[in-house]
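Residue numbers for the sequence shown, in my numbering: 115 to 271.
Take these hints with a grain of salt, some might be off.
Under the rule of at most 20 Å between Cα atoms (straight-line distance), these lysine to any residue pairs were calculated in the SDA-like manner [said to hold, decoys possible]:
#1 K264 to D217
#2 K182 to A132
#3 K264 to I252
#4 K182 to A193
#5 K246 to R236
#6 K264 to M162
#7 K264 to F147
#8 K264 to L153
#9 K246 to G230
#10 K182 to S130
#11 K182 to L131
#12 K264 to F156
#13 K264 to R241
#14 K246 to A231
#15 K264 to F220
#16 K264 to H227
Each pair of labels, with its calculated beta carbon distance range [as the list claims (entries may be wrong)]:
#17 D154 to D216: 17 to 25 Å
#18 L248 to F203: 24 to 32 Å
#19 S211 to L129: 45 to 53 Å
#20 V265 to N126: 48 to 56 Å
No lab work stands behind these hints, which were simulated from the structure alone.
Yeah, the Cβ is synthetic: ideal placement off N, Cα and C, and Gly gets one too.
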Amino acid sequence: MDHSQNAGSKMNGYLSLALQTLIGAVIMYLVMFVMIDSLDSFYNNLNMLYMTLMMVAPMVVLMILAMKHMFASRSANLAIIVVSVAVFFGSFALIRSQTTIDDVAFLRSMIPHHSGAILMCREANLRDAEVKRLCGEIRNSQRREIEQMKVILARLN
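With these hints in hand, go ahead and build the complete structure from the sequences.
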């Protein structure tokens with residue numbers, strides 16, 4: 115057996131994992147914006163990044179555990195799993211505490227959030243008159259607040 119080829123094969127598994135993780139993270143991040151009402155409500159933001167990391171971290175652990183034959187280095191696997199667990203809980207703590215969210219980061223997170231409420235109200239199959247009225251109020255207030263947040267964001271930037 116040619117050990118140098120085997121070592122390269124092991125490394126290719128880890129390189130593939132890194133590439134798949136990166137591509138998967140970008141896709142997951144962007145998919146979260148499917149809920150916005152319009153593209154002018156697309157703002158990169160830390161909260162979406164933290165949510166992405168919370169989705170990616172367990173995926174990495176699952177891939178390592180489910181495809182052990184591709185990842186033969188026990189020490190590398192353990193390190194990757196430990197880092198993934200730390201990333202998951204670190205992101206969880208950051209999203210729950212909002213420690214890193216300042217005025218600008220808050221606005222950049224809230225605009226897509228409000229935009230999602232507008233989309234849901236516009237597209238939902240509502241029948242109850244009170245719910246329809248409520249949705250109309252939500253759409254109006256969320257639009258007003260988005261415009262206000264954009265003005266504040268422009269001033270702060």
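Okay, the hints, checked on the actual structure:
{"no.": "1", "hint": "K264 to D217", "in the structure": "12 Å, holds"}
{"no.": "2", "hint": "K182 to A132", "in the structure": "15 Å, holds"}
{"no.": "3", "hint": "K264 to I252", "in the structure": "18 Å, holds"}
{"no.": "4", "hint": "K182 to A193", "in the structure": "14 Å, holds"}
{"no.": "5", "hint": "K246 to R236", "in the structure": "10 Å, holds"}
{"no.": "6", "hint": "K264 to M162", "in the structure": "18 Å, holds"}
{"no.": "7", "hint": "K264 to F147", "in the structure": "18 Å, holds"}
{"no.": "8", "hint": "K264 to L153", "in the structure": "14 Å, holds"}
{"no.": "9", "hint": "K246 to G230", "in the structure": "16 Å, holds"}
{"no.": "10", "hint": "K182 to S130", "in the structure": "14 Å, holds"}
{"no.": "11", "hint": "K182 to L131", "in the structure": "12 Å, holds"}
{"no.": "12", "hint": "K264 to F156", "in the structure": "12 Å, holds"}
{"no.": "13", "hint": "K264 to R241", "in the structure": "33 Å, violated"}
{"no.": "14", "hint": "K246 to A231", "in the structure": "13 Å, holds"}
{"no.": "15", "hint": "K264 to F220", "in the structure": "12 Å, holds"}
{"no.": "16", "hint": "K264 to H227", "in the structure": "13 Å, holds"}
{"no.": "17", "hint": "D154 to D216: 17 to 25 Å", "in the structure": "22 Å, holds"}
{"no.": "18", "hint": "L248 to F203: 24 to 32 Å", "in the structure": "37 Å, violated"}
{"no.": "19", "hint": "S211 to L129: 45 to 53 Å", "in the structure": "34 Å, violated"}
{"no.": "20", "hint": "V265 to N126: 48 to 56 Å", "in the structure": "51 Å, holds"}
When held up to the earlier numbered hints, the structure conflicts with 13, 18 and 19 and fits the remainder.
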